[in-house]
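**Student:** So the protein sequences, as listed, match chains R and B. When we follow the numbering used here, the leftmost residue of the first sequence carries the number 1, and every step to the right adds one. When we follow the numbering used here, the leftmost residue of the second sequence carries the number 1001, and every step to the right adds one.
Worth flagging that the hints you see were computed from the coordinates, not collected in a lab. Here the structure is a predicted model, which means the values were calculated and not measured. It cannot be assumed that every hint is accurate.
Stated by the list, open to error - Quick list of in silico lysine to aspartate or glutamate cross-link-like pairs, EDC-like style, CA-CA up to 16 Å:
{"#": "1", "chain 1": "B", "residue 1": "K1185", "chain 2": "B", "residue 2": "E1155"}
{"#": "2", "chain 1": "B", "residue 1": "K1280", "chain 2": "B", "residue 2": "E1234"}
{"#": "3", "chain 1": "B", "residue 1": "K1015", "chain 2": "B", "residue 2": "D1084"}
{"#": "4", "chain 1": "B", "residue 1": "K1017", "chain 2": "B", "residue 2": "E1058"}
{"#": "5", "chain 1": "R", "residue 1": "K18", "chain 2": "B", "residue 2": "E1096"}
{"#": "6", "chain 1": "B", "residue 1": "K1099", "chain 2": "B", "residue 2": "E1111"}
{"#": "7", "chain 1": "B", "residue 1": "K1253", "chain 2": "B", "residue 2": "D1243"}
{"#": "8", "chain 1": "R", "residue 1": "K245", "chain 2": "B", "residue 2": "D1057"}
{"#": "9", "chain 1": "R", "residue 1": "K13", "chain 2": "B", "residue 2": "E1096"}
{"#": "10", "chain 1": "R", "residue 1": "K247", "chain 2": "B", "residue 2": "D1057"}
{"#": "11", "chain 1": "B", "residue 1": "K1253", "chain 2": "B", "residue 2": "D1271"}
{"#": "12", "chain 1": "R", "residue 1": "K80", "chain 2": "B", "residue 2": "D1086"}
{"#": "13", "chain 1": "B", "residue 1": "K1184", "chain 2": "B", "residue 2": "E1028"}
{"#": "14", "chain 1": "B", "residue 1": "K1077", "chain 2": "B", "residue 2": "D1202"}
{"#": "15", "chain 1": "B", "residue 1": "K1220", "chain 2": "B", "residue 2": "D1202"}
{"#": "16", "chain 1": "R", "residue 1": "K13", "chain 2": "B", "residue 2": "E1109"}
Residue strings, one per chain:
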Amino acid sequence: MDRFWSIIITSIKFRMRKIIVELLFNIIFTILMWLGIFLSLDKIFPNTNFIQARNFLFPGIIAFYSIMISFALTSVHIRKITQLTGLMDQCRSTGFALWQIYLAKSTSMIIRIMIHIIISSIVLLILVGGGFSILYILLFWIYLGFGIFFLIQIGFVAGIYIADQEICLLLILSLILPLTIVSGSFFSIDFFHPVITKILYYFPTTVIISGARNLLVNHSFDLFHSLYILGLDITCYFLCYWVVKRKLLQ
Amino acid sequence: MEASIALKNVSKHFKKKYVLSNLTFGIEKGSTFAIIGRNGAGKSTFLRILSTLLKADEGILYINGNDMSKSLKDVNKVIGYLPDHDIHDPWLTGLENLKIRANYLGISESEFDSITKPLIEEFEMEDSINNYPVTYSRGIKRRLDIIQTLMGDSEIIILDEPLLGLDYSIRTVLCKYLLRQKGKKTVVIASNEFTEIQTMADRWIVLHDGGIRFDGTLEKMLTHVKMPFIGNLEIKKDGEELDNILANAKNIKEVRDFGNFVQIVTNDFEDFYKITRKIKEENITSISGNSSNIEEFLNLLLSDEGF
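The shape of chain R in the complex, shown without the other chains (with noise of 0.2 Å):
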């Protein structure tokens, strides 16, 4: 058990100056979508209530920004240590099971893009001048956290079997990148044409980033939204490790 724990602390420990710089990219970001939509809104609609915009963009931001990270990072590290260099070899050759080395690199991932998370939601936290209560805030990032874990479990099949990184860049910039705002990051689903919005309703994001939002704002707890997600959780989970085992073992 200390050596499967082994496998995150260095994952977290020796990675610590990346890490560092990823954060500093995140407050970037944060800062720049608060002036690019909070501001920005203000001017193009002057009769929005700022009360609504935050309660509505702040999810929203902090939602988008965890999908696209989630995937992003993850298939990006899991393509380095598959296929640039060496590095699941330099684990697997020390006696990991296959599952074991699964589970530690979707928990380390987990664990890399909860901080982006919490650091994300303080800053914006911080620009918005606060508004949200404590608990439902903890409780917004759970929900987060299990929201984003089915995308780990992608980015790690898209990790290992795209060669080309830009055919990885491309996939994020060209589907998740516009999928994620589609499903309501920005503005409400219910906007396009109904059958449109029925469709987008069930989609994965959308039930991220509402579910999120319905947690934080109204402080609704949404149990079919929940049940959705973690049934897309296990089954991505379970999936995933069988289709990385198939490549990595044969």
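The hints should help you fit chain B onto chain R, whose structure is shown.
**Tutor:** Just chain B now, kept in the frame of chain R:
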């Protein structure tokens, strides 16, 4: 003698192509076992199966009598595997990489220095261990990975092309290290460096088209295949004089003309020596030769269907 590794009908295929086909043999405990073969012969796949990183499609692998498809427990204490590619993070220092490996292996901080320091010194890494591998040369990177593999003090050491990029002096260090392990550890080594294999290996196999083309000792091989002598001549002039000499010389098997550089394949050293005696000394820039060239050996071995 007790078998450290045993394979029973082991096969591996990628898509429909068999890379290893029905391999059955054992490797004795404490022996040094070498694998040679051309590129794509299946050496690396074979070693990945031995190191349990890859699963055989058919057959059973036994390590110390344990069926590896069922038992993976404590395999880190048993096997130390060096792949043919890098196994370090180029953006962490050499020492940080060793610390990561130590964590994975369950080596405590108090044990770390006593385990790694002698290896760092032996492989002459003291000056570069605190630098980043991105600044290392190919050979230094390989040394770092060799240290990572050896620091686990495993019973079985599996090395895939360990000499790749190493200079003469470090090759000797590694050979000496492995010679010291004779009788204590089982060493499985895949390499195309024939001279080093000759020095170290007790037994070796030649892999070809997924099967074993040769299995035995150097003595056994020499009784079947007479190794030619390959002489290398670097000459100053246009070679007209050499052409005449070669035309009249006896026992030449082949001449490979690369301009100022000529490779002459003869039956033995004596024949080559006779040729060099006929060339004016001032026309020769350098002379070298090797009686055990792996390519020559493989050519002979693989062309002889009855062998």
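**Student:** Report the numbers of all earlier hints that the structure fails to satisfy, in ascending order.
**Tutor:** Those not satisfied are hints 3 and 14.
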